[in-house]
Amino acid sequence: MRTIPTLSVESELKSTRTFSHVMGVIIRDPLSLASTIVILLFILIAIFANQIAPYPAEGTGKTNVDNAMLAPSPGHILGADRLGRDMLSRVIMGARPALIVPFGVVLFAILIGAPLGAIAGYKGGWVDNVIMRTTDLFLAFPSLLLAMAIAFALGRGLQNAAIALIVSWWPWYTRLARGVTLSLKERYFVEAARSIGVRDSVIIIRHILPNIISPILVQATIDLGTVILSMGGLAFLGLGTQPPGADWGLMVSEGRSYILNQWWISSFAGLAIFIVVLAFNLLGDTLRDIFDPRQYK
Amino acid sequence: MTTQLVEIQSISKHFRLPGGWISGKPRFVSALEDVSMEIAVGEVFGLVGESGCGKTTLGRIILHLIEPTSGKVLFDGIDLTTQKGASLRSLRKQLQVVFQNPLSSLSPRLKVEQIVAEPLVTHHTLPRNQMQKRVIELLEQVGLGKQHLDRFPHEMSGGQCQRVAVARALALDPKLIILDEPTSSLDVSVQAQIINLLEDLKNLHGLTYLFISHDLNIVQHISDRIGVMYLGKLVELGTSENIFDKPLHPYTKALFGAIPLAVVDRRRELSILEGNVPSPVNPPSGCRFHTRCHLVQDICKNDPPEFRQLEPGRFVACHFVSKSDL
Amino acid sequence: MTTLLEVKDLFLEFKTSQGILKALNGITFDVNSGEVFGLVGETGCGKSVTGLSILRLLPRSASIRRGEVIFNGVDLLKISRDEIESVRGSKIAMIFQDPSSSLNPVFTIGSQIERVVRQHMSVTRKEAAEQTKEVLSAVGLPDVKRIMDSYPHELSGGMQQRVMIAMALSCKPLLLIADEPTTSLDVTIQAQILKLLRNLQKNFNVSVILITHNLGVIAQTCDHLAVLYGGRVAESGPTETIFDQAQHPYTNGLMNAIPRPGGRGRKMATIPGTVPSNPGALTGCAFAKRCKFAFDRCVVEPPPLYRVDENHHVACFLVENRSK
Chain A
1 MRTIPTLSVE
11 SELKSTRTFS
21 HVMGVIIRDP
31 LSLASTIVIL
41 LFILIAIFAN
51 QIAPYPAEGT
61 GKTNVDNAML
71 APSPGHILGA
81 DRLGRDMLSR
91 VIMGARPALI
101 VPFGVVLFAI
111 LIGAPLGAIA
121 GYKGGWVDNV
131 IMRTTDLFLA
141 FPSLLLAMAI
151 AFALGRGLQN
161 AAIALIVSWW
171 PWYTRLARGV
181 TLSLKERYFV
191 EAARSIGVRD
201 SVIIIRHILP
211 NIISPILVQA
221 TIDLGTVILS
231 MGGLAFLGLG
241 TQPPGADWGL
251 MVSEGRSYIL
261 NQWWISSFAG
271 LAIFIVVLAF
281 NLLGDTLRDI
291 FDPRQYK
Chain B
1 MTTQLVEIQS
11 ISKHFRLPGG
21 WISGKPRFVS
31 ALEDVSMEIA
41 VGEVFGLVGE
51 SGCGKTTLGR
61 IILHLIEPTS
71 GKVLFDGIDL
81 TTQKGASLRS
91 LRKQLQVVFQ
101 NPLSSLSPRL
111 KVEQIVAEPL
121 VTHHTLPRNQ
131 MQKRVIELLE
141 QVGLGKQHLD
151 RFPHEMSGGQ
161 CQRVAVARAL
171 ALDPKLIILD
181 EPTSSLDVSV
191 QAQIINLLED
201 LKNLHGLTYL
211 FISHDLNIVQ
221 HISDRIGVMY
231 LGKLVELGTS
241 ENIFDKPLHP
251 YTKALFGAIP
261 LAVVDRRREL
271 SILEGNVPSP
281 VNPPSGCRFH
291 TRCHLVQDIC
301 KNDPPEFRQL
311 EPGRFVACHF
321 VSKSDL
Chain C
1 MTTLLEVKDL
11 FLEFKTSQGI
21 LKALNGITFD
31 VNSGEVFGLV
41 GETGCGKSVT
51 GLSILRLLPR
61 SASIRRGEVI
71 FNGVDLLKIS
81 RDEIESVRGS
91 KIAMIFQDPS
101 SSLNPVFTIG
111 SQIERVVRQH
121 MSVTRKEAAE
131 QTKEVLSAVG
141 LPDVKRIMDS
151 YPHELSGGMQ
161 QRVMIAMALS
171 CKPLLLIADE
181 PTTSLDVTIQ
191 AQILKLLRNL
201 QKNFNVSVIL
211 ITHNLGVIAQ
221 TCDHLAVLYG
231 GRVAESGPTE
241 TIFDQAQHPY
251 TNGLMNAIPR
261 PGGRGRKMAT
271 IPGTVPSNPG
281 ALTGCAFAKR
291 CKFAFDRCVV
301 EPPPLYRVDE
311 NHHVACFLVE
321 NRSK
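Chains as they are written, first to last, in my numbering: chain A, 1 to 297; chain B, 1 to 326; chain C, 1 to 324.
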C-alpha cells in the first residue's frame, strides 16, 4: 500500500472572528471600550443592587414621607422623590428590571424568530410563504396596542409588558434570519451537506443556525437599547412595572409633573436609560463593523 | 453488473425564469439539452467548457441535488431520478463531491473533525468511539494529520481546506467522486500537489472521477476521456489524447487554440473566437455554435447536428465533420 | 527603448490586528516604454500590492517604508496628494480583475467614460462624447452607440472588461496597470482581451504592466517579466530568457508545476509546502524553507538581485559566481 507523504506545513493564518479577536478590537476602540465597561458596570449594579443601594427598602418602595421632595443633599445624593424614597436607591434597584428583563425579551424573541426564519429561508415554497405571511401579520400590529391588549387580558405588570414586547419583536429576527439563510443556502458547504445526504432539519441546525449567529448578535445588541426604551415607554404609560416598584420608565413618569422644580425625580432615571441605551448602540455598531464586512464572502 | 458506472441518457434541464405572466409566455434557461454520455468504472472523465455550458449543472444532476427536466441518470444500473428518501440517501454514500472554492465548501463554524465525520455521522456507519480514529486515518490519507482535527477552515490554507474536502469525500468509500473545479482557486504549486493526491487516491481506492473544469491543461493531464460542452450540449467526446492531438469540432479547436501556453512561441497566435457566448435563455436555433463558427452554412442555422459516433468512443456534433477527418 | 517606470527597492507594510505584515520587501524592476511587462507570482507574493503602490492607491493601514517609484523622472512616492491624483487616470491608468464591480451600476457606460474624460481634460461635452465613441470602438466594441446607452449589467464580462480598458485609455495615459484583467473571464474571451492588450502598445503607444498568476498569459503577452515571491523579486528579465533558462529555483519549480500537454501519466512536479503569509518576518531568502538547493547562508541573509546577463536578474546565491 502506497503511503501518501504528509505535509508538515503549519498554517500561519489566524482567525479573525474568535472571541479574543473581537475583544481585542473592542479594547482598542475607546468608545467601544467605554460602552462595554458601562454595560458591565450596570450589570454588576443590577446583580448587587441590594448590597449597593444605601436604602434598599426605599429602593423598592418603602416610603419615607419626612424626606418627600428632598433635593440632592448629603445622605441622599440624588435626592428623594415625592414619597421620600431615596433616588439613588431607586435608580440602583431599577437597574434590575431595566437590564435583566430586556435581555430576556431579546433572547426569547431570537429563540422564536430565528429558527422560523432559517426554516423559511431554507425550505422555501409554501413553508416560506406561511411563515413570512404570519410574520407580516405580526409586524403590522402596533406594539403599543398589543401591549395594551395583553395588559387588558392578563393584567398590568412587568412580566406582561415583557410578553407583549416578545410578541412584537420576534418577527424582526425571522426576517433577518431568513435573509442570511437565503444567501447561505447557495454556499458550497450547504450543497456539500446535501450531497452527503444530510437531512434538511439537520442541515438547518448544524450548518445554517451557527452561521447566522453573528448578524443576529449585532442586531440583538442594538435591539437591547431599543427594548429598554420601549419598556421604559410602557412603564411610563402605566403598562409595565406597577408602583411602588422601581423601574426607570416608571420613575420618569412619576416625576413628570415636577420636572421644572424637583427635576431630580425624573432626570436621573432618564439619564440612566440614556446612558445604557447609548452604550448598547455603540457596542452594537462596533460588533457590526467586525462581523459584517466579512460576512458574505 | 455493468462496466458503465454512470449512464446519462438524454438529460435536459430547463430553469424557469420568474415573470412572463403578462405576455403569457414563460421564459426558460435551457441549461442542458439532450445530453447523453457514460462514465466507466475506474476512469477519469473530464468535462470541459466555458461559462454557461452546463457542466456544473450536469454535475449537480448526477448528484441529484437538482432534478432534470427530462432524461435519466443511471448509477450502477439504478435510475437515480426515481429514487427518494431512504434509498436515495443510501445511494448517496457512493456518490461524493469536491467543490471549487475550498474555503466555502467547508462549514465555517465546524472543526475539521466534525466536517470529515459528518458523512459517517449521517449514515451511522461507525459507532461513536471509532469515529475519531477513522477521521484521523482519512486525514492522513490526504496528507494532513491529527494536529488538524481542531482547526477551523479559516485557520487553514486553500490547499489544506481542499484536502479536508477530499478526506470528507472519501469517508464513505464512494465509487464515484465528482470534482467540480477542484483546483481553480488554488495556486499553481498547490494545484500540482492536489492533482497528484487525487491520482494517488484514485489508484489506491479504485475510484472513478468526473472532473469538471475550464482549465484544459489540468483536464488533459488527469483525464482518460474528455467531453467538451457548449451552451448546454455536448459537442465532442473522445479520449484525452485524441481530443488534444486532433480536435475535430470547430469549438474544440477554438478552445484549445485560445489557451495561452507557458512556452514562448512567437509564431503561435492565440486563436480568436469572436463574439460572446449567446444567452442560454434564447439559445441559437439549429447548431448552438453557429453564431460564432467560421464554417457556418444555412444547414447549421436550421438543423441541430447529431452527436455522431465516428469511431468507437469518438463523438462529434457537427455537420461538416466526418470519418475522413479522423 | 526608454525607461518609463523604475521601481527601486520598494518596502511596504500593513498594520493589521495581528501585527505588522511586511508585504513588500525590496521590489525592484524597470518598465520600458512600448512594452508589456508582466508581474507574476502566486497568492501573497505582493504583485497586486505593487501595482497599487505605483499609484499610491493603498489603504490607510499601509505604509511605504522605503523605495522609489520613478515615472518620467518624477518619484511618485514623494509628490503631493493633488499631484498623484492628477497622474491617476491621465498618465497612469489601472484596471482590475472584476469589471462588473469597477463599473457603477446606475450610470450608463457612455456617461461613466465621459465623466472620466472631462475630469482630466478640459473639453466640451460634445468633445467628450466624441472621444468616448472613439475609444470604445478602438477597443473593438461593436455597435458603439448602443453600448454607450447601456448599463453595465447589460454587457457580458468580456465586453465589460473592454469598457474598462476603454475608460482607462480615454485620457491617453502612458502606462496601463492591469491587475488580473482576464482571470475571471472564459478562455476564449481571455484570448480576445490579451490580443487587445498586446496591440495597445502598437495602436495607442501605451505600455502595460500585466499582473497575473498565470504563466501562460505571461508567455503569450509579455516582453519582460518579474517573478515575485514573498514580497521580493525572485527573477526578472526578457520573457524568452526566463522561460527557456530560468535560474531561480522558485521560477523553475513554478514552470515544472504547470500541467503541460504530454504530461499524462506522470506525476506533476510540485513545490513542497506553501507560500509564507508574512514573508517579511523571515530572515534570509523567503523561499529557503521550500527550496531543495537551500544551504545555510540562505536562511540567514536575503540574496540580492544579481545581474547574470544584459537584462536578466536573479535573487539567489546559486548564481553569485556567475553574476556580472
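Simulated from the structure, these hints should not be mistaken for laboratory data.
One should not assume that every hint holds.
Only pairs whose alpha carbons sit at most 25 Å apart, straight line, appear in this in silico SDA-like list of lysine to any residue [stated by the list, open to error]:
{"no.": "1", "chain 1": "C", "residue 1": "Lys15", "chain 2": "A", "residue 2": "Leu144"}
{"no.": "2", "chain 1": "C", "residue 1": "Lys267", "chain 2": "B", "residue 2": "Ala86"}
{"no.": "3", "chain 1": "B", "residue 1": "Lys25", "chain 2": "B", "residue 2": "Glu7"}
{"no.": "4", "chain 1": "A", "residue 1": "Lys185", "chain 2": "B", "residue 2": "Leu120"}
{"no.": "5", "chain 1": "B", "residue 1": "Lys146", "chain 2": "C", "residue 2": "Ser277"}
{"no.": "6", "chain 1": "C", "residue 1": "Lys267", "chain 2": "B", "residue 2": "His124"}
{"no.": "7", "chain 1": "C", "residue 1": "Lys267", "chain 2": "C", "residue 2": "Arg297"}
{"no.": "8", "chain 1": "A", "residue 1": "Lys123", "chain 2": "A", "residue 2": "Arg194"}
{"no.": "9", "chain 1": "B", "residue 1": "Lys111", "chain 2": "B", "residue 2": "His124"}
{"no.": "10", "chain 1": "C", "residue 1": "Lys202", "chain 2": "C", "residue 2": "Glu6"}
{"no.": "11", "chain 1": "A", "residue 1": "Lys185", "chain 2": "B", "residue 2": "Asp224"}
{"no.": "12", "chain 1": "C", "residue 1": "Lys289", "chain 2": "B", "residue 2": "Leu197"}
Calculated Cβ distances over 12 Å to all of chain A for the following chain B residues [unchecked claim]:
{"no.": "13", "residue": "Gly42"}
{"no.": "14", "residue": "Arg168"}
{"no.": "15", "residue": "Glu274"}
Predicted model only: the values in this text are computed from it and were never measured.
For each residue, glycine too, the CB sits at the ideal point set by N, CA and C.
Each hint, compared with the structure:
1. Straight-line distance between C-alpha atoms of Lys15 (chain C) and Leu144 (chain A) comes to about 49 Å, which puts the hinted pair past the 25 Å bound.
2. Simply put, Lys267 (chain C) and Ala86 (chain B) have alpha-carbon atoms about 40 Å apart, too far for the 25 Å limit, and the pair is violated.
3. Restraint check for Lys25 (chain B) and Glu7 (chain B): the C-alpha separation of about 34 Å exceeds 25 Å, so the hint is violated.
4. The suggested pairing of Lys185 (chain A) with Leu120 (chain B) holds, with an alpha-carbon distance near 22 Å, which does not exceed 25 Å.
5. Of the supplied pair hints, the one linking Lys146 (chain B) and Ser277 (chain C) holds, its CA atoms being roughly 23 Å apart against a limit of 25 Å.
6. Between Lys267 (chain C) and His124 (chain B) the CA atoms are separated by roughly 37 Å; this puts the pair beyond 25 Å, and the hint is violated.
7. Between Lys267 (chain C) and Arg297 (chain C) the CA atoms are separated by roughly 31 Å; this puts the pair beyond 25 Å, and the hint is violated.
8. With a CA separation close to 13 Å, the supplied pair Lys123 (chain A) and Arg194 (chain A) stays within the 25 Å bound.
9. At roughly 19 Å between alpha-carbon atoms, Lys111 (chain B) and His124 (chain B) fall within 25 Å of each other, so this suggested pair holds.
10. Distance check on the hinted pair: Lys202 (chain C) and Glu6 (chain C) sit about 22 Å apart at the alpha-carbon level, within 25 Å; holds.
11. Restraint check for Lys185 (chain A) and Asp224 (chain B): the C-alpha separation of about 34 Å exceeds 25 Å, so the hint is violated.
12. The straight-line distance between the Cα atoms of Lys289 (chain C) and Leu197 (chain B) is roughly 22 Å, inside the 25 Å bound, and the hint therefore holds.
13. Consistency note on Gly42 (chain B): stated as away from chain A, and its beta-carbon is indeed over 12 Å from all of that chain's, at 17 Å minimum.
14. With a least beta-carbon separation of about 7 Å from chain A, Arg168 (chain B) fails to lie farther than 12 Å from that chain, contradicting its non-interface assignment.
15. For Glu274 (chain B), the requirement that its beta carbon stay farther than 12 Å from each beta carbon of chain A is met, with the minimum near 33 Å.
Consistency with the previously given hints fails for numbers 1, 2, 3, 6, 7, 11, 14, ordered from lowest to highest.
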